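> Spelled out from the first residue to the last, the chains are:
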Amino acid sequence: MDSFGSDFSSGGSGGKMDTGTIMEQVKVQIAVANAQELLQRMTDKCFKKCIGKPGSSLDNSEQKCIAMCMDRYMDAWNTVSRTYNSRLQKERARL
Amino acid sequence: MDGQGATADPQLQHFIEIESQKQRFQQLVHQMTEVCWEKCMDKPGPKLDSRTESCFMNCVERFIDTSQFILNRLEQTQRGKGGFSDSMLE
Chain A
1 MDSFGSDFSS
11 GGSGGKMDTG
21 TIMEQVKVQI
31 AVANAQELLQ
41 RMTDKCFKKC
51 IGKPGSSLDN
61 SEQKCIAMCM
71 DRYMDAWNTV
81 SRTYNSRLQK
91 ERARL
Chain B
1 MDGQGATADP
11 QLQHFIEIES
21 QKQRFQQLVH
31 QMTEVCWEKC
41 MDKPGPKLDS
51 RTESCFMNCV
61 ERFIDTSQFI
71 LNRLEQTQRG
81 KGGFSDSMLE
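The listed protein sequences derive, respectively, from chains A and B. The first sequence begins at 1 in UniProt numbering and counts up one residue at a time. The second sequence begins at 1 in UniProt numbering and counts up one residue at a time.
Incorrect hints may appear among the rest.
Claimed, not checked - Simulated restraints, written as ranges between beta carbons of each label pair: (1) B:L74 <-> A:G20: 23 to 33 Å; (2) A:D59 <-> B:E17: 28 to 38 Å; (3) B:E61 <-> A:Q40: 30 to 40 Å; (4) A:G55 <-> B:R62: 35 to 45 Å; (5) B:I70 <-> A:D18: 11 to 21 Å; (6) B:I70 <-> A:S61: 20 to 30 Å; (7) A:T19 <-> B:Q76: 13 to 23 Å; (8) B:N58 <-> A:M17: 45 to 55 Å.
What the hints assert, rightly or not - Result set (DSSO-like, lysine-lysine): computed pairs, CA atoms no more than 30 Å apart in a straight line: (9) B:K43 <-> A:K49; (10) B:K47 <-> B:K81; (11) B:K47 <-> A:K49; (12) B:K81 <-> A:K53; (13) A:K27 <-> A:K90; (14) A:K53 <-> B:K22; (15) A:K64 <-> A:K48; (16) B:K22 <-> A:K64; (17) A:K48 <-> B:K47; (18) B:K43 <-> A:K48; (19) A:K64 <-> A:K53; (20) A:K90 <-> B:K39; (21) A:K27 <-> B:K43; (22) B:K81 <-> A:K48; (23) A:K64 <-> B:K43; (24) B:K43 <-> A:K53; (25) A:K27 <-> B:K81; (26) B:K22 <-> A:K90; (27) B:K47 <-> A:K90; (28) A:K49 <-> B:K81; (29) A:K49 <-> A:K64; (30) B:K39 <-> B:K22.
Derived from the structure by calculation, the hints contain no laboratory data. If you're wondering where the values come from, they're calculated on a predicted model, not measured in any experiment. All C-beta atoms, glycine included, are put in the ideal place defined by N, C-alpha and C.
Sequences are here, hints too, so could you generate the full structure?
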């Protein structure tokens, strides 16, 4: 992976990134982290709801349950997000 | 020249403030979704029925009410009794 070294001027970290690039990269990382968090909690909840005694594979009913659970979890997440946002705006309007 | 740190750049500073605020919001949504799922969701069905949806909405409001209640009461106990000594250490 030596392709970076030769193109940039001498110095420690090679080229210096501008603020805009840094901000974009940070936004991407934040989005990825949020997606991971969502998936982790969703997996946890849906496993609890859909899997009884773990068998040697996921049977059809379990898979259907998980699929529905995923959609419902997203619905729930969106409802919570909307409700929380409205509440925050109400609180700000009071101040 | 890399003489200035991130905090000297107002654009970056503003960006950090905005993103931090957005993250606090996101984290609370994650947390409330999890907590309210336990309270409101029985068996996941083909759609979110209105009763369940209301439960989630109420759950969010009551969660925030609880948080505010706790902060207010804490403030009162500290003001009135001069600290935690009476209410916490007993």
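> Checking against the hints above, which ones are violated?
1, 2, 3, 5, 6, 7, 10, 12, 14, 16, 21, 22, 25 and 28
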